[in-house]
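There are 4 protein chains.
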Amino acid sequence: MSNSFGRIFKITTFGESHGKAIGVIIDGCPSGVNLDEAFIQSELDRRKPGQSKITTQRKELDTFEIQSGVFEGKSTGTPISIVIHNKDQKSKDYDHIKSAYRPSHADYTYQEKYGIRDYRGGGRSSARETAARVAAGAIAKLVLNKLNISCQAYVSAVGNIELKANYNALDLSKTESNIVRCPDEALAETMIAEIDAVRKQGDTIGGIVDCVIQGVPVGLGEPVFGKLHAELGAAMLGINAVKGFEYGSGFDGTKMKGSEHNDLFFTEAGEVKTKTNYSGGIQGGISNGEDIYFRVGFKPVATIMKSQESIDQKGDSTDVTGRGRHDPCVVPRAVPIVEAMAALVIVDFYLLNKMYLT
Amino acid sequence: MSNSFGRIFKITTFGESHGKAIGVIIDGCPSGVNLDEAFIQSELDRRKPGQSKITTQRKELDTFEIQSGVFEGKSTGTPISIVIHNKDQKSKDYDHIKSAYRPSHADYTYQEKYGIRDYRGGGRSSARETAARVAAGAIAKLVLNKLNISCQAYVSAVGNIELKANYNALDLSKTESNIVRCPDEALAETMIAEIDAVRKQGDTIGGIVDCVIQGVPVGLGEPVFGKLHAELGAAMLGINAVKGFEYGSGFDGTKMKGSEHNDLFFTEAGEVKTKTNYSGGIQGGISNGEDIYFRVGFKPVATIMKSQESIDQKGDSTDVTGRGRHDPCVVPRAVPIVEAMAALVIVDFYLLNKMYLT
Amino acid sequence: MSNSFGRIFKITTFGESHGKAIGVIIDGCPSGVNLDEAFIQSELDRRKPGQSKITTQRKELDTFEIQSGVFEGKSTGTPISIVIHNKDQKSKDYDHIKSAYRPSHADYTYQEKYGIRDYRGGGRSSARETAARVAAGAIAKLVLNKLNISCQAYVSAVGNIELKANYNALDLSKTESNIVRCPDEALAETMIAEIDAVRKQGDTIGGIVDCVIQGVPVGLGEPVFGKLHAELGAAMLGINAVKGFEYGSGFDGTKMKGSEHNDLFFTEAGEVKTKTNYSGGIQGGISNGEDIYFRVGFKPVATIMKSQESIDQKGDSTDVTGRGRHDPCVVPRAVPIVEAMAALVIVDFYLLNKMYLT
Amino acid sequence: MSNSFGRIFKITTFGESHGKAIGVIIDGCPSGVNLDEAFIQSELDRRKPGQSKITTQRKELDTFEIQSGVFEGKSTGTPISIVIHNKDQKSKDYDHIKSAYRPSHADYTYQEKYGIRDYRGGGRSSARETAARVAAGAIAKLVLNKLNISCQAYVSAVGNIELKANYNALDLSKTESNIVRCPDEALAETMIAEIDAVRKQGDTIGGIVDCVIQGVPVGLGEPVFGKLHAELGAAMLGINAVKGFEYGSGFDGTKMKGSEHNDLFFTEAGEVKTKTNYSGGIQGGISNGEDIYFRVGFKPVATIMKSQESIDQKGDSTDVTGRGRHDPCVVPRAVPIVEAMAALVIVDFYLLNKMYLT
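Chains as they are written, first to last, in this note's numbering: chain F, 1 to 358; chain G, 1 to 358; chain Z, 1 to 358; chain L, 1 to 358.
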């Protein structure tokens with residue numbers, strides 16, 4: 001259950017970390033979209049393992065194949081199936097957890113829920129599954145491009161190293177200029193050094209990804225249980241390792257007074273705008289035309305290269321030490337995942353909103 | 001669209017602030033549940049307006065009627081319809097916003113999305129709708145009671161006044177002993193004074209509600225897009241005025257190292273436990289048997305008794321000053337709403353998880 | 001579960017035959033629709049009990065109240081809640097089946113499935129629930145009227161008395177001119193006499209309702225599992241007492257050869273048409289612009305005024321004789337129900353199809 | 001949209017007749033099921049093209065690969081992805097319909113709905129897609145086998161050649177003993193001769209498939225819109241070329257009186273049974289423990305080897321003559337498809353019904 005996401009532009013993903021393949025079916029993509037394969041690959045490349053010294057060294061090219069739903073390069077309105085074959089599994093790296101539970105991983109909960117688990121690389125609970133989302137998100141972006149809607153994410157914190165500036169004080173075109181994906185290049189260097197230091201300790205560190213969505217028309221989002229920010233929140237909280245989500249003023253907004261927090265309306269060149277944007281572009285769950293922005297908090301990766309106390313399937317004490325190839329910090333690779341999920345939400349609500357057209 | 005919530009235990013709400021009635025249909029409640037009407041009313045009473053000096057003075061008794069799905073006091077497995085008739089509408093209080101948009105309300109977005117809006121009391125966008133959720137949540141709690149699962153929320157911050165202690169250092173039985181619903185009675189007094197002061201200024205203030213769910217069995221939650229915390233997040237973000245959600249270590253967890261953050265497993269009297277609980281009772285999106293806890297951030301109420309610049313439907317400048325009866329701070333009344341939504345999520349996943357039984 | 005129908009224009013019904021009320025929430029009705037209450041009532045009147053000598057004599061006016069989703073007479077895009085209070089329950093008529101199972105009713109299956117049942121009038125399994133569908137269907141028809149789409153049903157058979165003519169050889173404006181709702185007035189008299197004769201025997205009889213939908217644009221229906229005729233079929237098979245559904249050439253088409261059955265395309269005044277219409281207006285699950293027509297078979301009502309062998313809840317033998325007020329034949333009152341369900345399907349697919357607009 | 005089927009045991013199919021592959025994701029299969037690949041293949045073999053002289057001569061082995069959701073031969077509870085690569089496409093056979101519409105095919109409706117179509121072999125509208133359903137249905141059958149539930153279909157009519165006997169007067173073990181899949185071997189010969197004669201004429205013929213489901217426990221099916229027979233009907237009407245569905249007494253039941261049609265309850269060895277079974281094993285939409293049986297009517301295949309008048313995309317007159325390899329009658333190959341869809345419905349409702357367990 002629940003391997004699907006979206007109402008109209010609906011994706012269903014499959015696959016395990018060390019299985020034959022991972023992939024996605026997109027059901028509900030409008031017809032006539034140019035399925036630009038180079039673009040889809042470039043998005044997958046931003047997420048793929050082994051892309052830099054601060055990511056896992058697993059080597060997966062993450063090349064993909066579109067198996068259906070395309071004719072002469074364009075979407076036909078039928079399901080688009082995308083498959084990515086796994087190539088560089090080293091399942092032996094996981095023999096030691098065949099019957100032991102890694103702390104703060106999903107080993108124990110999967111075993112208890114299903115009575116069986118594919119322990120190799122975490123099986124279905126591995127973040128490798130997110131490659132399928134990035135592929136689907138790339139197609140969502142292709143639809144949004146035609147509508148002049150953009151989704152841009154970037155790393156705003158690694159541990160205690162925080163980017164204080166708001167997105168509109170940054171040059172987001174620089175996000176991809178460094179391996180940590182922070183648009184402040186000086187701070188990026190500090191972040192990279194921190195991740196590297198943590199990695200050398202055999203440890204890991206958390207971080208924060210910010211995202212801004214621009215060009216969204218007024219009216220996307222559904223009351224009461226389909227509020228735009230609630231869906232964005234669910235999308236982000238569904239990404240591996242995410243512990244928190246806030247949009248607009250977020251938790252800081254809880255300390256403000258209404259007279260400070262309210263976004264005053266005015267008109268400029270016939271267009272309705274707000275003087276401030278604590279609402280984060282969403283009012284009453286519906287987009288108001290201003291920029292939508294939000295923050296996503298990621299915990300430190302659970303796999304560390306240190307010995308930790310744990311138990312095995314029988315309940316006996318054991319020690320677990322991380323092996324294999326792992327990320328010391330997920331946020332650099334999380335940037336395209338956050339964008340992909342954001343794009344999927346926006347496309348879906350855009351299509352859903354068409355029912356109100358007359 | 002999207003006025004429904006849940007997969008198996010599914011609710012659909014209806015109604016506007018100043019319409020004839022609000023209500024809910026619960027489809028999927030198991031049969032044989034004692035529908036304790038006194039308990040349902042007591043939950044509605046915790047949310048109802050006019051309950052204390054720090055809430056809106058609108059007088060609604062929020063008495064309800066069960067119209068279906070019950071036979072000789074027990075649920076029959078068919079839809080349970082609950083209706084609450086509106087009594088104390090003062091729609092004249094809203095004449096001034098017939099064509100003007102209140103800042104940071106949903107007036108503008110509803111008008112743009114639907115081309116029509118019930119301006120009286122905010123119509124469907126009013127938090128009055130949450131009474132329907134509390135009624136449904138009360139029935140969810142009745143199911144959970146039989147399973148020894150509890151959902152307890154409380155106010156942990158009003159503006160800058162913050163409760164620093166964790167839930168397990170508090171006596172949650174004291175939450176209902178004061179009108180702000182903070183289990184630390186001394187701090188509660190400070191919070192009440194703050195809300196009162198803000199109210200006298202004609203202003204409003206934000207705050208935070210914490211919630212803890214205890215007794216949840218291992219195994220609730222669905223990978224990949226139905227993670228238990230993602231659904232809790234969507235449920236909370238769907239409550240009016242919510243700006244942020246975090247569970248377990250939350251945003252603080254982003255600053256931690258893996259070696260600090262990992263929850264080590266051990267066995268006690270044959271039961272699997274973790275030494276710490278930064279995971280917040282959920283690993284890989286699935287409950288692990290530990291306490292589930294999370295925080296929900298609420299912005300300050302948008303309606304203030306001060307004049308604010310805005311525009312009208314034609315786009316012309318105008319001033320809007322709040323009239324009518326409003327809450328200076330939503331968190332005291334949000335406590336039962338947070339509990340209700342939490343209970344709805346847990347019941348739903350409990351029922352969904354039965355498909356794995358052999 | 002499963003008291004909802006539709007994807008975009010989605011209804012959820014509630015209520016039992018002898019409970020306080022029955023009703024429906026419509027979620028997803030476009031905004032700006034004039035909710036013509038006189039029309040809605042006229043549709044309910046076509047279905048209501050006691051309307052003629054050949055229907056049950058239970059007296060229900062089936063007056064309704066719209067509780068939400070309307071402002072100044074128009075739909076607002078928020079959920080429309082409609083309630084119909086039960087008035088003329090005579091629950092004593094059902095005391096004899098408190099613990100006995102009526103043959104070919106749902107008494108036994110409900111008791112086994114839920115462990116409890118509201119035996120009064122059949123509870124939720126009563127066709128009284130269809131009043132809620134007719135109310136919702138009336139609003140669907142109001143939307144379709146603006147699109148020049150009509151749904152017209154009529155009785156084409158009562159027992160062995162069959163109307164041989166196809167719909168396009170009939171004057172459908174005469175359907176409402178007689179109490180059995182057959183547009184062939186001479187045959188209508190024979191049908192009425194047959195129902196009356198059966199009623200006097202304390203027996204019941206089955207029949208067939210035909211329906212034609214005209215004005216549907218090309219393109220409604222979704223491959224693969226949302227074929228237009230599959231949804232129509234599910235809608236019709238969900239009506240109480242229905243045993244069969246066929247569209248276009250139906251079961252007769254199974255005896256034909258391809259060369260006879262194929263509908264040849266031609267163009268007339270720039271419009272694509274087919275010479276015959278064995279396809280019933282649907283090809284590959286998608287409307288082709290021709291008339292959509294189908295047939296729905298209803299079994300004889302299970303409640304008869306004769307003694308029948310049966311068992312009670314303990315499994316002991318008992319006799320059951322019908323009491324109370326019942327229809328000797330459902331088809332006259334089924335006509336507006338068939339139309340309502342057809343209208344709900346068409347509106348839903350019309351809205352769904354908008355996602356393909358560019 | 002709508003390429004998914006089922007609520008809990010949910011399948012999503014993809015693929016076109018002449019694309020790279022077709023396949024299915026099964027989301028919601030319980031864990032621990034032995035995924036017997038030989039059995040899955042044997043089911044695919046029953047449906048595959050080229051299996052006998054009375055089917056299409058397209059040569060597809062329909063070998064499949066399970067890409068996920070399996071570990072050491074057992075289902076893990078995560079999505080099971082199955083892919084079948086297309087091998088024997090002869091797309092040139094379809095060049096003549098690149099811009100022409102074949103009568104009674106989906107060419108015209110797809111073109112109008114989507115503005116683009118994969119004309120090769122009918123693209124997504126081809127019955128080749130049903131191989132994916134048969135693969136998923138095979139896994140559903142593996143689950144049902146453990147519950148002693150069987151789904152058996154057979155050909156009961158080819159054109160005017162009809163099998164008059166009811167299923168319980170037949171030896172269904174003989175269904176697979178002949179290429180037309182009719183358990184009456186003498187009649188089977190007549191049917192085969194008829195199909196062969198029609199094929200030689202370049203024509204096609206319709207037929208009927210009957211199905212019986214045995215061993216279903218009491219209680220499957222959901223009121224009001226999820227009635228078991230309504231879901232079976234939707235499942236069958238979603239199969240290519242189906243024009244009608246009836247269950248139990250079906251359309252014949254419309255001619256009966258209540259006193260004839262009612263199924264009287266009695267108890268045998270503590271088990272509740274009915275003397276007759278006109279209800280077809282379903283009462284009030286819920287299974288009553290008796291055999292479930294239904295009939296599915298298929299139209300003649302639209303592709304014939306004769307010249308037919310039609311139009312092209314511009315609306316100009318043209319002639320279309322079938323080329324390529326086609327079935328003269330679909331019912332022999334429809335038998336496993338009907339069984340697969342029946343199995344999918346029953347498994348889904350079986351899992352859904354678990355929510356009522358205490």
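Mixed in with the good hints there might be a few duds.
Identical chains share a label here; the pair holds if one copy fits it or two copies do between them.
[As the list claims (entries may be wrong)] As a list, the in silico BS3-like pairs of lysine-lysine whose alpha-carbon atoms are at most 30 Å apart:
hint, residue 1, residue 2
1, 164, 257
2, 354, 164
3, 90, 164
4, 87, 273
5, 275, 306
6, 257, 200
7, 74, 87
8, 354, 74
9, 200, 74
10, 275, 98
11, 273, 257
12, 59, 314
13, 354, 174
14, 98, 164
15, 92, 146
16, 59, 354
17, 200, 354
I should point out that these hints are in silico values taken from the structure, not numbers from a laboratory.
We went through each hint and held it up to the structure:
In the homo-oligomer, the alpha carbons of residue 164 and residue 257 lie at most 30 Å apart both inside one protomer (22 Å) and across protomers (21 Å), since each shortest distance falls under that limit. For the homomeric pair residue 354 and residue 164, neither the shortest alpha-carbon distance inside one copy (38 Å) nor that between copies (43 Å) is at most 30 Å. For the homomeric pair residue 90 and residue 164, neither the shortest alpha-carbon distance inside one copy (40 Å) nor that between copies (45 Å) is at most 30 Å. When the C-alpha separation of residue 87 and residue 273 is checked against a cutoff of 30 Å, the pair qualifies neither within a copy, at 50 Å, nor between copies, at 36 Å.
In the homo-oligomer, the alpha carbons of residue 275 and residue 306 lie at most 30 Å apart only across protomers (17 Å), although the nearest pairing inside one protomer, at 51 Å, exceeds that limit. With identical chains, the CA atoms of residue 257 and residue 200 are at most 30 Å apart between copies only, with a shortest distance of 13 Å across copies and 45 Å within one. Taking identical chains as interchangeable, the C-alpha atoms of residue 74 and residue 87 lie at most 30 Å apart whether they share a chain (28 Å) or sit on different chains (22 Å). For the identical chains of this complex, residue 354 and residue 74 are neighbours both inside a copy (22 Å) and across copies (19 Å), given an alpha-carbon limit of 30 Å.
For a Cα distance limit of 30 Å, the shortest separation of residue 200 from residue 74 qualifies neither inside one copy, at 47 Å, nor across copies, at 39 Å. In this homomeric assembly, residue 275 and residue 98 come within 30 Å of each other (Cα to Cα) only across copies, at 22 Å, whereas the closest approach inside a single copy is 57 Å. For the identical chains of this complex, residue 273 and residue 257 are intra-copy neighbours only, at 21 Å inside a copy versus 42 Å across copies, given an alpha-carbon limit of 30 Å. In the homo-oligomer, the alpha carbons of residue 59 and residue 314 never lie at most 30 Å apart, since the shortest distance is 34 Å inside one protomer and 51 Å across protomers.
Taking CA atoms no more than 30 Å apart as the test, residue 354 paired with residue 174 passes in neither setting, with 35 Å inside one copy and 38 Å between copies. Taking the shortest Cα distances, residue 98 and residue 164 never come within 30 Å of each other, neither inside one copy (43 Å) nor across copies (41 Å). In the homo-oligomer, the alpha carbons of residue 92 and residue 146 never lie at most 30 Å apart, since the shortest distance is 46 Å inside one protomer and 34 Å across protomers. Proximity of residue 59 and residue 354 under a CA criterion of 30 Å is satisfied in neither setting, with 42 Å inside one chain copy and 39 Å between copies.
In this homomeric assembly, residue 200 and residue 354 never come within 30 Å of each other (Cα to Cα): the closest approach is 52 Å inside a single copy and 45 Å across copies.
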